[in-house]
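**Q** Listed below are the residues making up each chain.
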Amino acid sequence: MTIVSLPFFLFTAAVVLVYYAVPKKIRWTVLLAGSSIFYALNSGWLALVLAGTSLLTFVMGWAVQKVLDASRADLKAAEGLSREEKKKRKEAARKKARALMLTGVLADLAALLFLKYFNFFGSNLNRLLSALGTGGRIPALNLLLPLGISFYTLQAMAYLIDVYRGKTAADRNPAKFMLFMSFFPQIVQGPIPRHSQLAHQLYEGHDFDYQRLCFGAQLMLWGIFKKIVIAERLSGPVQALFAADSAVTGPAVFLGACLYGLQVYTDFSGGMDIVRGVAQMLGIELELNFTQPYFASSVEDFWRRWHITMGAWMRDYIFYPLSLSKAFTNLSRKSRKVFGAFVGKRLPAFLAMFIVYFLVGLWHGADWKYIVYGVWNGVFITSGILLENAYAKARGLCGIDEGTVTWRAFRILRTFAIVSFGRYFSRADSLGHAMDLFRRTFIHWRDLSFLTDGTLLKWGLNTANWVLLAVCVLILFYVDARHEKGISFRRTIAAQALPFRWLIYIGAVLALLIFGCYGPEYSAASFIYERF
Amino acid sequence: MEQMMKILEEIRPDVDFANERKLIDDHVLDSFDIISIVQEFNEAFDIEIDVEDLEPDNFNTVEAMKELIDRLRNAD
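If you read the sequences in order, they're chains A and B. So for the first sequence, the working numbering puts the first residue at 1; every next one is plus one. So for the second sequence, the working numbering puts the first residue at 533; every next one is plus one.
Don't read these hints as lab results, they were simulated from the structure. Because the structure is a prediction, the values reported are computed rather than measured. One or more of the hints may lead you astray.
[What the hints assert, rightly or not] Which residues of chain A face chain B? A few of them, derived with a C-beta cut under 7 Å, are:
#1 Arg315
#2 Pro321
#3 Leu322
Virtual Cβ for every residue (Gly too), placed ideally from N, Cα, C.
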């Protein structure tokens, strides 16, 4: 049951109906039942993997909390102790809690590493062993990935770390925690939630609110539009341009990467709108995952706007702890003597950032092409910061006024180009294929004849569909531009008179039915990020 | 306070630290700035700002940063 399918819409309607029909106190049980049914229908027995991770995380979180609470009570009772003795006891308790937290985090991670990366590490190790002329081979296993494992593992790890850091209190009810781990629209592809932000919203019953219900439904419609009218329509040209046997050269290859970027954006952010829309109908506010990424003025800015909850996860649980770790601080001190204060001070953060983007790449998939994709972004971000002063000088020498619209447009286009070239890695079949795409881009790099000689029509879309696609992309651009200025379309619609509002709703549904690209039984293809 | 402002202005001369109220929430400071600020504060005030202290509330204003520094100094 994909989240763009008639069964899913009926399922959502049933959950919303039952949710508001039962007493407030037990509304969370409706969400738990709905989430369990949704996950079991999608994953069958693999639901046991999610249940195992949830149970383990619950127990470890509870144990960490118990140690911290006991320490607090102990220190409160022992008033006569010296400051040093109190500090000693506190540190001993922290150490114990830390060991428990790390055990839980590593166990959660082990399940992900085994299921998602075993074959990747195995095949690389085999290659290394055969290069060294040593025998012994690690067999490839036929492993199935539970739905949303890359997302819920990060969620579980964040929960344990937050309990340890005192940013949230551990759950005491395993059933409620199971709901936090499996909330049905969000389990598919995020957003990756924090316990302190989401759990209480799931557990407390929400009052029915007609406007919130409408806002949620509108957000869903907008997400469906992005997914089935734009993303699905783009899949033909993208597949044709990235086919292994494609002989396309010149700017057409780059166009393929741009179209793929647009496809991923509309697919992923469309999915997010549907997920957030469903949650809103239930009175639950999930975190934003996109804020107009294609209006970003630098690669760093792009990653602040793209898959925001993933970026925030990497920042809070990898980047900050690494940058401030003793090892990195010592490295900074030593490197200042060698490279000078400017580089030395920044080195730990650069190194941590590189590790983050390496991991971001690896998170996307068990393949070297994803790792290079991550590093590609890391290189542009770190070099942008490292060369900041040189760029400022160059701008000054060229007399560039940074406040002008043209300069802003240039920065947006430059970021778009860098990010689109990076898509070569994420979309190609392999690292070798990506390198071939780069090579082919710069053969006949001035040849734009494909735009007029009918080649466009060989990529799975006829003229009418290209025109429709262009119109829809313009609508998307317009809406994103309005959002960039902080204007809410839903509030504008809500302010209209009832007949006009319904005219808009009916028109939108009809437009989706007429212009959407559907598979069997009005279901769209699965989401790109579902596979990550 | 004076020493703190000097450090902040050295790291980000373009920011009006005295008047900004949402340095983190409005993305005025990015994660690289935060790491630089923490490193400088740790050295200058002989404190240890921990990952757990990296909360928006502790870095949104200069006053909040001062409060954090004072709290960590008194804890030692």
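**Q** Hint by hint, work out which the structure violates, then give me just those numbers in ascending order.
**A** As far as the earlier hints go, only 3 is violated by this structure.
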